[in-house]
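Asks: Residues per chain, in single letters:
Number of protein chains: 2
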Amino acid sequence: MTLLKSWVASANGPKHPFPLNNLPYGVFSTDTFDPRCGVAIGDMILDMRRAEEAGLVSLTDDALFDVPFWNEVMEEGPELWSALRKRITQIVAEGSPDRERAEPLLVPQAEAEMHLPFLVAEFTDFYAGKHHAVNVGTMFRGAENALPPNWLHIPIGYNGRASSVVVSGSDVRRPWGQLKSPEHDKPAFLPSRRFDLELEMGAIVGTASDGPVTVDEAFEMIFGYVLLNDWSARDIQAWEYQPLGPFQAKATATSISPWIVTAAALEPFRCDTPEREVDLLDHLKDTGPMLYDIDLAVSLAPEGKPATEIARTNYREIYYSSAQQLAHHSTSGCPMTPGDLLGSGTISGPTKPERGSLLELSWGGKEPLTLESGESRTFLEDGDTLTLWGAAHGDGYTIGFGECTGTILPALDNPYER
Amino acid sequence: MTLLKSWVASANGPKHPFPLNNLPYGVFSTDTFDPRCGVAIGDMILDMRRAEEAGLVSLTDDALFDVPFWNEVMEEGPELWSALRKRITQIVAEGSPDRERAEPLLVPQAEAEMHLPFLVAEFTDFYAGKHHAVNVGTMFRGAENALPPNWLHIPIGYNGRASSVVVSGSDVRRPWGQLKSPEHDKPAFLPSRRFDLELEMGAIVGTASDGPVTVDEAFEMIFGYVLLNDWSARDIQAWEYQPLGPFQAKATATSISPWIVTAAALEPFRCDTPEREVDLLDHLKDTGPMLYDIDLAVSLAPEGKPATEIARTNYREIYYSSAQQLAHHSTSGCPMTPGDLLGSGTISGPTKPERGSLLELSWGGKEPLTLESGESRTFLEDGDTLTLWGAAHGDGYTIGFGECTGTILPALDNPYER
Chain R
1 MTLLKSWVAS ANGPKHPFPL NNLPYGVFST DTFDPRCGVA IGDMILDMRR AEEAGLVSLT
61 DDALFDVPFW NEVMEEGPEL WSALRKRITQ IVAEGSPDRE RAEPLLVPQA EAEMHLPFLV
121 AEFTDFYAGK HHAVNVGTMF RGAENALPPN WLHIPIGYNG RASSVVVSGS DVRRPWGQLK
181 SPEHDKPAFL PSRRFDLELE MGAIVGTASD GPVTVDEAFE MIFGYVLLND WSARDIQAWE
241 YQPLGPFQAK ATATSISPWI VTAAALEPFR CDTPEREVDL LDHLKDTGPM LYDIDLAVSL
301 APEGKPATEI ARTNYREIYY SSAQQLAHHS TSGCPMTPGD LLGSGTISGP TKPERGSLLE
361 LSWGGKEPLT LESGESRTFL EDGDTLTLWG AAHGDGYTIG FGECTGTILP ALDNPYER
Chain Y
1 MTLLKSWVAS ANGPKHPFPL NNLPYGVFST DTFDPRCGVA IGDMILDMRR AEEAGLVSLT
61 DDALFDVPFW NEVMEEGPEL WSALRKRITQ IVAEGSPDRE RAEPLLVPQA EAEMHLPFLV
121 AEFTDFYAGK HHAVNVGTMF RGAENALPPN WLHIPIGYNG RASSVVVSGS DVRRPWGQLK
181 SPEHDKPAFL PSRRFDLELE MGAIVGTASD GPVTVDEAFE MIFGYVLLND WSARDIQAWE
241 YQPLGPFQAK ATATSISPWI VTAAALEPFR CDTPEREVDL LDHLKDTGPM LYDIDLAVSL
301 APEGKPATEI ARTNYREIYY SSAQQLAHHS TSGCPMTPGD LLGSGTISGP TKPERGSLLE
361 LSWGGKEPLT LESGESRTFL EDGDTLTLWG AAHGDGYTIG FGECTGTILP ALDNPYER
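Chains R and Y are the protein sequences, given in the same order.
Counting from 1, one number per residue, gives the positions in the first sequence under this note's numbering.
Counting from 1, one number per residue, gives the positions in the second sequence under this note's numbering.
Worth double-checking, as some hints may not be accurate.
Copies of one chain are not kept apart here, so a pair can be met inside one copy or by any two copies together.
Here are the computed lysine-lysine pairs in the DSBU-like style, where the Cα-Cα straight-line distance is at most 35 Å [stated by the list, open to error]:
#1 K285 <-> K352
#2 K5 <-> K86
#3 K352 <-> K366
#4 K5 <-> K15
#5 K305 <-> K86
#6 K180 <-> K285
#7 K305 <-> K5
#8 K285 <-> K186
#9 K180 <-> K86
#10 K305 <-> K285
#11 K5 <-> K352
Hints are computed from structural coordinates only; laboratory data are not their basis.
If you're wondering where the values come from, they're calculated on a predicted model, not measured in any experiment.
Using the sequences and the accompanying hints, generate a full structural model.
Replies: In structure tokens, the structure reads:
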């Protein structure tokens, strides 16, 4: 696969995140247009509502784009997904006979405000990055007991809070919570002092299931991927998480990048999961390359200061593919719904600059990072802007995700004293 | 408060679960009518869709009852809730001038099939029954470490799976899952052998919030209550729950009773939470009686055999009211949504016959229960029908919940060998 050419000239650069090979799906609005589905091509967005109204896209009896979310497309299933991608490719490809009709339907990304691209049905967050799990386990339980006994046998996950999911660009308010410092005998209600990011990929479930699905079936159910930052209050988490897992520590916000990069666009970048120490049980075994080779980076910019890249890694470090995670998620008969979002778990590589959280980068706050501005960080400070980046690199082209960013606002005054 | 009289004669018995004092909200269908909102009165259901169409109920500009769920009513907020209850009371009260118009809108409950009364936005399950937590903790960690250090300071909860929620009467399929018996070194994929119930109450969040709410505000946000059975696969849970909490063990099904008993109907039964060992932090402190005096019972009927009552307790055993749980849930800024369902946690009393799960009743399977049919049980067997009951007892009247029942179907053949 090489770069496919579009009549939208900006899409034809080898490093542009949104070439014809990508065609990611988002929801945008402008001063003129209320929120609606759109497809990124170069620096532009193809307005899918108007494209459908104009008869340029017409694959179903009922309208797909009269709503400002992609769930209705998802629910149609893989055949429609494929036909839709083919049709959009035709419309914006170099030499397309549709150019004249389509050109007025393009909106510059610079004029668009992005919204959540889909209605999040439920959110599940996994813990499937082995370097991350080993790092965190070593800090909390020592190197010998770093990985829990189940970790190499199932993708450990917990249910998160769908209502916490926000689109990139949304500010994130530092949370209050109940904390207990080791030096105090009693807990206190305070703003979090160890507020952190987690670099993750999010897989979006496109079709429903109501019983156990195989890894192969799960792979076919996944509509696409986004970057995901699972903001985490480490001090709230430490006090609350035993015995039933993280709760308020993860409920403040979960940011995702605005463009759904489809599984189809990522097809050339499929790769194997890392080598395994123990065989998985049959129902979770890899049946082919279902992970993706996606370069990832994290940058941190203090307020009014330039950004420093604080981590760089790759999605291929994840130990269980989203297909394996989804298969495991369904084992109990748990019904899965279009719009379910599965966080991969924090992605860290084997070396220090590859760690996907400040908890790991600062080793629990003991080894502060020095930023290019000269400031140091253990955890996030008010005014910090955190940005995740992701891209798959093909032969002369790039499949980009757009950025996933958020700025930390100071905690409210005590929210109960008003 | 005493029994209020209705012209629906069956509603006037002192033990009938649905007198005029109750008026619980459900969704029903019949051979003639597709699913729609209804209000139980005695043995009948008032069809709210037709009542609205006939102009008998008309409190808003837009229709509230053109959809088969109560979420639109919830979203209107407490003033509308109060006006609606007042209007329905007028319609079905003894001597009502509306009797002639309303009588044709009644449907016998015997002819109705019940559906989920609301769209479940998200489901959170708490662990707020102290006797339950002490029993489980003692089994797993010994009596000295029974309660985790945080337990007396915050209502411990975890996010559950909204898609698992089903209405009473739905069969429950025994799940498969990854298990590891202490006598094996490796996990295996098997049907659960320790499938259990959990007796809980469910509180339904009626109005939205997007920042921390006080206990008083939380109390006002709760629309009503249902019985809730949080089916639990103990063997799956034991293997998966460290370090991030229960996941597939709780995802097969969560049954709720079909009638939402409103907070208004339960008003006369408000009571205090149990005495506390330690003071709560200010933002979680009780500000008045916000728990309810509701008698609860559990019965188990093996296939084709009579039922045995296996537990009897009261909602007042719960250590944190739903208002306290909801206030805690919001501390991080977690947005709450109409239709969020909060499970109270398993409700157990101090003595053995008051325990709300088989895990506790059979003390981890070591002390089998003997049923009236002569059979014994440690955990649930295929064909068992489990029923939860709940009622508040007033002066000559009863506020009933209807039953919350489910029958265990045998596990599928290996779902991955097909």
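Asks: Take the hints in turn and mark each one as holding or not.
Replies: Against the structure, the hints come out as follows:
For a Cα distance limit of 35 Å, the shortest separation of K285 from K352 inside one copy, 30 Å, qualifies, whereas the shortest one across copies, 44 Å, does not. Taking the closest pair of Cα atoms, K5 and K86 come within 35 Å of each other only inside a single copy of the chain (14 Å); across copies the shortest separation is 66 Å, beyond that limit. For a Cα distance limit of 35 Å, the shortest separation of K352 from K366 inside one copy, 14 Å, qualifies, whereas the shortest one across copies, 49 Å, does not. In this assembly of identical chains, K5 and K15 lie within 35 Å of each other by CA distance solely inside one copy; the values are 13 Å within and 76 Å between copies.
Within a single copy, K305 and K86 get their C-alpha atoms no closer than 43 Å, and across copies no closer than 60 Å, so neither meets the 35 Å cut-off. Only between protomers do K180 and K285 lie at most 35 Å apart by alpha-carbon distance; the minimum there is 18 Å, versus 41 Å within a single protomer. Proximity of K305 to K5 under the C-alpha cut-off of 35 Å is found in neither arrangement, the shortest distances being 38 Å within a copy and 72 Å between copies. Proximity of K285 and K186 under a CA criterion of 35 Å is satisfied inter-copy only: 16 Å between copies versus 46 Å inside one chain copy.
Taking the closest pair of Cα atoms, K180 and K86 never come within 35 Å of each other, the shortest separation being 55 Å inside a single copy and 47 Å across copies. Neither within a single protomer nor between protomers do K305 and K285 lie at most 35 Å apart by alpha-carbon distance, with minima of 47 Å and 43 Å respectively. Proximity of K5 to K352 under the C-alpha cut-off of 35 Å is found in neither arrangement, the shortest distances being 39 Å within a copy and 73 Å between copies.
Against the hints set out earlier in the document, violations occur for numbers 5, 7, 9, 10, 11.
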